[in-house]
Amino acid sequence: MTDASMDTPRPRRAKTSLVSEDARTKKRNAAEKRFQAYGILAIATGLFFLAVLAFSIVRSGLPAFTTTVVDVNFTLTQEEFDEAEGQLFKTKAYSGYFISALQKKLETENVQVAFDEAAIERIMGKIGSTLREYYTANPDQLGEEVAFKLNAASRVDGYFKGRVQRETLQDSRFLTLADLDLVDALAEAGIIHTAFDWGFITGADSGVDNPGGAGIGASVVGSFFMMLVVLLLSLPIGVAASIYLEEFAPQNRWTDMIEVNISNLAAVPSIVFGILGLAVFIQFMHLPQSAPLVGGLVLTLMTLPTIIISTRASLKAVPPSIRDAALGVGASKMQAVFHHVLPLAMPGILTGTIIGLAQALGETAPLLLIGMVGFVARGYPDGFISGFTDPNSAMPAQIYTWAARADQAFYEKAWGGIIILLIFLLTMNIIAIILRRRFERRW
Amino acid sequence: MYDAPHTERDVDQQDIKISARKVQVYYGTTHAIKDVDCDIEDKTVTAFIGPSGCGKSTFLRCLNRMNDTIDVCRVEGDIMIDGEDIYDKRVDPVQLRAKVGMVFQKPNPFPKSIYDNIAYGPRIHGLAKSKADLDEIVEKSLRRGAIWDEVKDRLDAPGTGLSGGQQQRLCIARAVATEPEVLLMDEPCSALDPIATSQVEELIDELRQDYSVVIVTHSMQQAARVSQKTAFFHLGNLVEFGDTGKIFTNPVDSRTESYITGRIG
Chain A
0 MTDASMDTPR PRRAKTSLVS EDARTKKRNA AEKRFQAYGI LAIATGLFFL AVLAFSIVRS
60 GLPAFTTTVV DVNFTLTQEE FDEAEGQLFK TKAYSGYFIS ALQKKLETEN VQVAFDEAAI
120 ERIMGKIGST LREYYTANPD QLGEEVAFKL NAASRVDGYF KGRVQRETLQ DSRFLTLADL
180 DLVDALAEAG IIHTAFDWGF ITGADSGVDN PGGAGIGASV VGSFFMMLVV LLLSLPIGVA
240 ASIYLEEFAP QNRWTDMIEV NISNLAAVPS IVFGILGLAV FIQFMHLPQS APLVGGLVLT
300 LMTLPTIIIS TRASLKAVPP SIRDAALGVG ASKMQAVFHH VLPLAMPGIL TGTIIGLAQA
360 LGETAPLLLI GMVGFVARGY PDGFISGFTD PNSAMPAQIY TWAARADQAF YEKAWGGIII
420 LLIFLLTMNI IAIILRRRFE RRW
Chain B
0 MYDAPHTERD VDQQDIKISA RKVQVYYGTT HAIKDVDCDI EDKTVTAFIG PSGCGKSTFL
60 RCLNRMNDTI DVCRVEGDIM IDGEDIYDKR VDPVQLRAKV GMVFQKPNPF PKSIYDNIAY
120 GPRIHGLAKS KADLDEIVEK SLRRGAIWDE VKDRLDAPGT GLSGGQQQRL CIARAVATEP
180 EVLLMDEPCS ALDPIATSQV EELIDELRQD YSVVIVTHSM QQAARVSQKT AFFHLGNLVE
240 FGDTGKIFTN PVDSRTESYI TGRIG
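Taken in order, these protein sequences are the chains called A and B. Taking numbering that gives the first Met the number 0, the leading residue of the first sequence gets 0, the next gets one more, and so forth. Taking numbering that gives the first Met the number 0, the leading residue of the second sequence gets 0, the next gets one more, and so forth.
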């Protein structure tokens, strides 16, 4: 070897100037520039699609937060109430009262339009039953003047939001062109207008015939109780399992197998967990159907692998010198883990947990199988305990249900629901980032 | 070369603190330590020298059973401290490590305050009855670690914020805070600059008053400066063990001589 290098002198590099690039350098620099351009292009494409997504969500979802209301001041006397309750068609009597109140208001405002009872029914929906419900629930309001904000029918609402247009409208039993004239006149007088819809945020789901009254509030509560179950179960179980596997378990075939299986579980389609939940929790253990408790249990199964994997990764990231230091001063293994390793791994564990929870929050498929999808969540649970056991829906399930309904107005609600869901997810991610910053330590 | 603290070599015989007989260590199938017999005296600094991978650190870690934490490691033979076999089934390694403190190659203070770094050991061993007691232990230990004057005004500052040399002295102070009888040091100066090294060496010499100190080092000058006894390891064997002066001036084994003169290693 040494001989060969001695015999043939190495070819010397040609002398080049440092200020001008030679061919190789040029090629190398060009390749580098190209690579950077690809990267920028990829990021730009991603951002573009993100912007399109955000724009379309906001554009389609924002109308869900407003609704078209009719302002009417209304007084119902005890006699009128008794009279209406004595009739065969009770709600019809109430619509009669409403029409006369509206007429009176139009007279004082000097608006000249003619309308009949049927037109009002088309514009206002089941106004009679709404009023009856109110007065049966609040009899003390009888004889008092009440300022009502009454939701208009969903097609009138759609007319204000551009979903229903004059040009394409065909007269039907739901809405006629003449009704739109009436609506325009009422709008001119300021009686009918769009307003922010608190009912969408705080309310419960409504039947398929009343999209205006549908709200996401009840399913937010359902999701909250589910997440509570997931957090209370998966955090302690997941962290304990990871600590054992990472710090205490012997390295053998069994633990290897468990490790591989945990990684595999993280990739199992969520609907599999759903059918498992259906079989085990509902059919075998007879837990109540559609209950957040069962939803939470199923989502716990789904979240556990995520939490275990991220917890183990953050435990592994703690430098072994810290463990040595603790053992070296005579700490037991458990003391070393709980006093030194766990606090250092905390930011990673918390981030993993919150990401896992966020994932669970947006999960729909497993809920499909335990009856939380398609369920009409008409009310709030009565108390804390019944929050876990009463049938309820969850946010993504509610969105799915709305999207599947025929009425266009529900489609809009679905987009609005997605905005709410995204706000929750964003908040959770921000919390994860803040916690990470807070607990981060350097060593 | 910088000034090395002068160590008078008192060769007068001390009591034997640790005695190892026929110690074998296996990492899986690798035979890392072969048939090591060695008597380590009390109130003496014993240096382990030898080329990389010769087993000196492994043997050191046997003395407080730190090798227990490595799954594949297996130790055979007898290691007695004060006549008690530390690999006896009844011996709790945690109790042993309180008696045999350790300082590591890389300074590894806990990411906590300086005070908590020192107080941790005494706390878990219940050495302090009150806050005042603990304060006293912390001050005493930091003084023993020759770092008290530098940190006394900022005991609440994080230990990781100190310089490398200060961190290592903090770790030594942390080790002495649990009042061990033996202090093991695994290349304590390899990550330090010469000034910090000389400070730590000075400290080691002082610690000799109370402890049996065992130090693993790559630097033969350091072994010559701080130790009274030196053991030379080569390929898992304890080649030569004796008074430092004798090892460095008049070694018996040819391998020792080759290593000391720089021909192998």
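Please keep in mind that the hints were generated in silico from the structure rather than gathered at the bench. Check each hint, because a few of them may be wrong.
Per the computed footprint, the stretches of chain B lying under chain A, defined by three or more beta-carbons under 8 Å from a beta-carbon of chain A, are [to be verified]: (1) 104 to 113; (2) 118 to 132; (3) 170 to 177; (4) 213 to 224.
Part of the chain B face toward chain A, derived, beta carbon under 7 Å [said to hold, decoys possible]: (5) ALA97; (6) MET101; (7) LYS151; (8) LEU154.
Straight-line distance between alpha carbons at most 20 Å, and here's what the computed SDA-like set of lysine to any residue pairs gives [what the hints assert, rightly or not]: (9) B:LYS111 with A:ALA278; (10) A:LYS332 with B:THR28; (11) A:LYS332 with A:GLN250.
Owing to the predicted nature of the structure, the values given are computational and were not obtained by experimental measurement. The C-beta atom is built at its ideal place from N, Cα and C for all residues, glycine as well.
Going through the hints against the structure:
Chain A is given as covering the stretch 104 to 113 of chain B, and this holds because 5 residues of the stretch bring a CB closer than 8 Å to a CB of that chain, at least three being needed. Coverage of the stretch 118 to 132 of chain B by chain A holds [criterion: at least 3 residues with CB-CB distance below 8 Å; count 4]. With a threshold of 8 Å between beta carbons, the proposed coverage of the stretch 170 to 177 of chain B by chain A holds, since 5 of its residues qualify and at least three are required. Only when three residues or more bring their CB closer than 8 Å to a CB of chain A does the claim for the stretch 213 to 224 of chain B stand; here the count is 0, and the claim is violated.
The criterion of a C-beta within 7 Å of any C-beta in chain A is met by B:ALA97, whose closest approach is roughly 3 Å, and the hint holds. Below 7 Å, beta-carbon pairs count as interface contacts, and B:MET101 has one with chain A at about 4 Å; its hint therefore holds. At about 21 Å, the closest approach between the beta carbon of B:LYS151 and any beta carbon in chain A exceeds 7 Å, and the interface hint on this residue is violated. Look at B:LEU154: its Cβ only gets to about 18 Å from chain A, farther than 7 Å, so that hint breaks.
For a cut-off of 20 Å, the pair hint linking B:LYS111 to A:ALA278 is broken: about 50 Å separates their Cα positions. With a C-alpha separation of about 26 Å, the suggested pairing of A:LYS332 with B:THR28 is violated against the 20 Å cut-off. This hinted pair checks out: A:LYS332 and A:GLN250 have alpha carbons roughly 16 Å apart, not beyond 20 Å.
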